[in-house]
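2 protein chains.
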Amino acid sequence: MKPSDLSNHISQWFDGSGPGADIVISSRVRLARNLGGYEFCPCLNASRKREVLNKLKEIILSLDLGQDMFFIDVDNSSTLEQDLLVERHLISRQHAQAKGPRGAIIAQNESFTAMINEEDHLRIQVFKTGLQLKECWERINQVDNLIEKQVEYAFDPEYGYLTACPTNVGTGIRVSVMLHLPALKMTGQIEKFYNAAKDTNLAVRGLFGEGTDAVGDFFQLSNQVTLGYSEQQIVDEFSGFIVPKIVEYEILAREKLLKAKPDMLDDKIQRALGVLRSARLISSQEALFLLSHVRMGVNLKRLEGISIATINELFMLTQPAHLQMRQGHELDPDRRDAMRAQIIRSRLCQN
Amino acid sequence: MKPSDLSNHISQWFDGSGPGADIVISSRVRLARNLGGYEFCPCLNASRKREVLNKLKEIILSLDLGQDMFFIDVDNSSTLEQDLLVERHLISRQHAQAKGPRGAIIAQNESFTAMINEEDHLRIQVFKTGLQLKECWERINQVDNLIEKQVEYAFDPEYGYLTACPTNVGTGIRVSVMLHLPALKMTGQIEKFYNAAKDTNLAVRGLFGEGTDAVGDFFQLSNQVTLGYSEQQIVDEFSGFIVPKIVEYEILAREKLLKAKPDMLDDKIQRALGVLRSARLISSQEALFLLSHVRMGVNLKRLEGISIATINELFMLTQPAHLQMRQGHELDPDRRDAMRAQIIRSRLCQN
Numbered sequence: 534m535k536p537s538d539l540s541n542h543i544s545q546w547f548d549g550s551g552p553g554a555d556i557v558i559s560s561r562v563r564l565a566r567n568l569g570g571y572e573f574c575p576c577l578n579a580s581r582k583r584e585v586l587n588k589l590k591e592i593i594l595s596l597d598l599g600q601d602m603f604f605i606d607v608d609n610s611s612t613l614e615q616d617l618l619v620e621r622h623l624i625s626r627q628h629a630q631a632k633g634p635r636g637a638i639i640a641q642n643e644s645f646t647a648m649i650n651e652e653d654h655l656r657i658q659v660f661k662t663g664l665q666l667k668e669c670w671e672r673i674n675q676v677d678n679l680i681e682k683q684v685e686y687a688f689d690p691e692y693g694y695l696t697a698c699p700t701n702v703g704t705g706i707r708v709s710v711m712l713h714l715p716a717l718k719m720t721g722q723i724e725k726f727y728n729a730a731k732d733t734n735l736a737v738r739g740l741f742g743e744g745t746d747a748v749g750d751f752f753q754l755s756n757q758v759t760l761g762y763s764e765q766q767i768v769d770e771f772s773g774f775i776v777p778k779i780v781e782y783e784i785l786a787r788e789k790l791l792k793a794k795p796d797m798l799d800d801k802i803q804r805a806l807g808v809l810r811s812a813r814l815i816s817s818q819e820a821l822f823l824l825s826h827v828r829m830g831v832n833l834k835r836l837e838g839i840s841i842a843t844i845n846e847l848f849m850l851t852q853p854a855h856l857q858m859r860q861g862h863e864l865d866p867d868r869r870d871a872m873r874a875q876i877i878r879s880r881l882c883q884n
Numbered sequence: 534m535k536p537s538d539l540s541n542h543i544s545q546w547f548d549g550s551g552p553g554a555d556i557v558i559s560s561r562v563r564l565a566r567n568l569g570g571y572e573f574c575p576c577l578n579a580s581r582k583r584e585v586l587n588k589l590k591e592i593i594l595s596l597d598l599g600q601d602m603f604f605i606d607v608d609n610s611s612t613l614e615q616d617l618l619v620e621r622h623l624i625s626r627q628h629a630q631a632k633g634p635r636g637a638i639i640a641q642n643e644s645f646t647a648m649i650n651e652e653d654h655l656r657i658q659v660f661k662t663g664l665q666l667k668e669c670w671e672r673i674n675q676v677d678n679l680i681e682k683q684v685e686y687a688f689d690p691e692y693g694y695l696t697a698c699p700t701n702v703g704t705g706i707r708v709s710v711m712l713h714l715p716a717l718k719m720t721g722q723i724e725k726f727y728n729a730a731k732d733t734n735l736a737v738r739g740l741f742g743e744g745t746d747a748v749g750d751f752f753q754l755s756n757q758v759t760l761g762y763s764e765q766q767i768v769d770e771f772s773g774f775i776v777p778k779i780v781e782y783e784i785l786a787r788e789k790l791l792k793a794k795p796d797m798l799d800d801k802i803q804r805a806l807g808v809l810r811s812a813r814l815i816s817s818q819e820a821l822f823l824l825s826h827v828r829m830g831v832n833l834k835r836l837e838g839i840s841i842a843t844i845n846e847l848f849m850l851t852q853p854a855h856l857q858m859r860q861g862h863e864l865d866p867d868r869r870d871a872m873r874a875q876i877i878r879s880r881l882c883q884n
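The listed protein sequences correspond, in order, to chains A and B. Heads up: the first sequence runs through residues 534 to 884, numbered per the working numbering. Heads up: the second sequence runs through residues 534 to 884, numbered per the working numbering.
Derived from the structure by calculation, the hints contain no laboratory data. You may find that some hints are simply not true.
Given that identical chains are not distinguished, each listed pair holds provided it fits within a single copy or across any two copies.
Pairs of lysine to aspartate or glutamate, EDC-like flavour, derived with a Cα cap of 20 Å [said to hold, decoys possible]:
| hint | residue 1 | residue 2 |
| --- | --- | --- |
| 1 | Lys632 | Asp555 |
| 2 | Lys682 | Asp597 |
| 3 | Lys590 | Asp608 |
| 4 | Lys792 | Asp867 |
All chains, please: the whole structure from these sequences, using the hints.
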């Protein structure tokens, strides 16, 4: 498999089929691990990095995870290939932009990915559609155990798993969900969500992880504390309490809008669809913004004949690197805007 | 005929059928006249105003202009009826808002209208579709002569026709055209048009005369000087030189856009149509703005199956007083926005 093979279809975890996926688009659990006997990545020279890469690559590719697994040599990938992997959340932007021997291992259906020599020697991630954090945790725990049988992780009896950055020490776990909160945004209550997240030590980010603004009503919410709680506790609190509370707020905001301002709501939804079906040039930011409104329209049953899978697919496939990979070469922003508009039009006018 | 009878159809002069009507929507010539032996309106008391009104009403209604003529008692009309007449350009906003005995006489097809006791005792106007200023002038000259056979106008051998406001003294003529200049606006050249108008002593106004901003790429251009030139000279210069020059600029700007930025142009046109066909709430300003882009799209043959008559009709019929008259009662702005959107949608989705 090559990165370019990914540019025409949606990742399974993003297909909108999971439980509660109208609001919780997807769940992700990530573990940070390092090998004993090696310096952390920031201090590791190129030949030692190569050793770590080869060792982990061989072990992970040999695991039977019930899926074909592919190795991608990130260091020797083109910028476009790297960008495509970032857009699909398979690797981080930092991993794409780093230097030296590094790689990624990706399961065919993209539900599992491992980054080797990112900030830590190994970061493994499991993705699932909808709110399935427990399932992600169970799965990643299995994988982690399988790997741990073959390597010695850097581990301290008092602190737990050691990591390059102290914020990951302990469990090394990060759990996160991708949320679609258009009604909270529309009713001006999104600040409440931000504040609540801050108060409970959660991080809110845009669709593309650290350092990006939340755009188009999409938010990534994740834990910040990895030390002092067990993985199970972190997952349980996130999955059983925090996320359901936010989902409840969003549902209430949607009901309120439907009741108090149905015309305004329909206007926003129908305009968004109208523009998406008409535009000849559209930026990725505007597409995200408009698709968000259409997505809410479908979820609230104010629009018929359009599937969430189609909308999610458009989110993913109209990103800049996806467009260029599909075209087979780089495109200037104007051409991307035209191609994006054309793809959206043809997909949404079929319905 | 009552004002409410007007609210469902377009004025003939606004139907887009005339010569060059893609850019020059309509032509208008207006004459200001006052009766000898009466004070000018600002100094005329109510009973003398009543005399002037009755006298002019009787004379004008008796003229054979080849059209049924209707008198409207503006003083006793409802605000909604007055607003409807203003929206149709049949009377001025000042005439609607004035006090005391005053009226309007309107030809069935709205090509001729007379205001009695506006700023002057009599203001007569002739409208035609497209660039037909000479035809307007010939027509209004005939009507003026017919009236002058029956009354004595206030006239000074040196200055000409005397008027309440010195800016109208002399010929008392105002010639104007309603222009659609979307390409000059889009290419940022509209300032040139404004400056050229200023340099040649022309007034640029919005679609609704004095004191309104030009909105949605529509401009009303008229002469300001009425003294020192004959009517014929004013009409000839306007019709033969000034307007063709502006039309030429607009055509050049359209050609330039088509050549240099066809995608951008199509994007604007298609988005405008998409929003008009989708919106559930739309303000009159936004409707004007979007209909303007669609109008250009039809004129540039970038859109098919929509007629200019339909678009012009929507400009006229979706104005606030038209909507309310059609509904039979007053509507708050939200309801108007919903009704406007509904009418636009049903007319543009038929095509």
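*asked:* My question is about Lys632 and Asp555: at a cut-off of 20 Å on alpha-carbon distance, are they close within one copy, between copies, both, or neither?
replied: The answer is neither: 38 Å in one copy and 60 Å across copies each exceed 20 Å.
*With 20 Å as the alpha-carbon cut-off, assign the pair Lys590 and Asp608 to within, between, both or neither.*
within (14 Å within a copy, 90 Å between copies)
*Pop the pair Lys682 and Asp597 into one bin, within, between, both or neither, using alpha-carbon distances up to 20 Å.*
For Lys682 and Asp597, only the intra-copy Cα distance (13 Å) is at most 20 Å; the inter-copy one is 106 Å.
_At most 20 Å between alpha carbons: which applies to Lys792 and Asp867, within, between, both or neither?_
Between copies only: 16 Å across, 41 Å inside.
Violated hint: 1 only; the structure is consistent with all others.
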